[in-house]
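So the protein sequences, as listed, match chains P and H.
Everything in the first sequence is counted per my numbering, starting at 48 for the first residue and increasing by one.
Everything in the second sequence is counted per my numbering, starting at 27 for the first residue and increasing by one.
Among these hints, one or two may not hold up.
A few chain H residues that don't get close to chain P, going by computed Cβ distances all over 10 Å [what the hints assert, rightly or not]:
#1 84
#2 90
#3 94
#4 138
Within a straight-line C-alpha distance of at most 27 Å, the following computed DSS-like cross-link-like pairs (lysine-lysine) qualify [what the hints assert, rightly or not]:
#5 94/H with 133/H
#6 104/P with 133/H
#7 87/H with 75/H
#8 104/P with 75/H
#9 75/H with 94/H
For the record, the hints were derived by calculation from the structure and aren't laboratory data.
The beta-carbon is built from N, C-alpha and C at its ideal position, and this holds for glycine as well.
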Amino acid sequence: KAGVTQTPRYLIKTRGQQVTLSCSPISGHRSVSWYQQTPGQGLQFLFEYFSETQRNKGNFPGRFSGRQFSNSRSEMNVSTLELGDSALYLCASSLAVGQPQHFGDGTRLSIL
Amino acid sequence: AQSVTQPDIHITVSEGASLELRCNYSYGATPYLFWYVQSPGQGLQLLLKYFSGDTLVQGIKGFEAEFKRSQSSFNLRKPSVHWSDAAEYFCAVGGSGAGSYQLTFGKGTKLSVIP
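Only chain H is shown next, with the shape it has when bound in the complex (with noise of 0.2 Å):
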């Protein structure tokens, strides 16, 4: 079965500070990875996903994911962090088992940003 783990449940960081969010995930072939972002009263948002190739994916608003298989990690990282950051910040490993197609996603990393 297909899990994520986030170790950091909440992490404060300065604004301008650089940022970086850990996941380890578990799964028994090469999987698909996503950050995505969530601010109070929304939805879920997309950052960034690694399929296949370049192990360094780049996505929206300035953050890069880094893809080790011998670790099973895929941080995020920011180099400077905004105060606009601040939000909850959710990795998800995805399967397509028979024919279907989940997401399992971590338990959820908050950021508050202190200006």
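Chain P on its own, in the form it takes in the complex (with noise of 0.2 Å):
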């Protein structure tokens, strides 16, 4: 069975542009969430979503949004770049509420 799939796995980007990441859930997972790992702030989530609906959202700006389409796949996109949004950014998917959470291997983001 073939794991959460992340693309690309590098992305190197300047200030004040857009980029979009794209996340393919484990097959029959239905529910996808998005995290953003730095070394001062950790992991922090970003959001969540499940049968194309936003379920919840973590503190990040309205720069930062997603989308999630009818075979789950998920992107988010993240406008006007900015220096401190340097991370990687992880996917992960789950069966359902309370079930395990599956990551994929990320997408690392540098801004210049």
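Reassemble the complex: the two chains are provided individually, in unrelated frames, and hints are given to aid placement.
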């Protein structure tokens, strides 16, 4: 069974640009969550989608957005990039609330 | 609000020695508790989980954890550490408020293993 797939693995952008990251969940998983990981703040919850609906959102500015498609694949978008957005962005999928979340290898975003 | 504290930022043990990583959580109801491990440049791998029932849970790679409600703790243990266990370990608590599902992670404990 294929795991969670995130693309691309690495991205380099400059301040002010925007970026879109992609996540394909494990087959059959309808819940997709996104997390940001930085050395200073650790792992922080961004948002969670289930059946194309955002059910919960963490404490991030509106520049961070996401969506989920009917096949459960998800994308997250960050607009007007700032240096502080440099991080590892992790996607996780799960079968349902309370079931373990399975993580992808992440997308490493670097802002110059 | 839910929170997780991992008091030890970095632990160094000798190969073959026993290991205990500490985790304390704060959550209003019965929590879902998890331990994940992360190797450099990779995502998080689930080691074990606690939902309910037996408070001693077994995981992969010889790890176990014990849920102690009275102490709000969920410590991870391994009787004999292998060099390949060197990695960063994260404790997480999951909530299902408002029908959603998010994990709150501790800051992590980095484990170094001396051959």
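Hint numbers not upheld by this structure, sorted from lowest to highest
none
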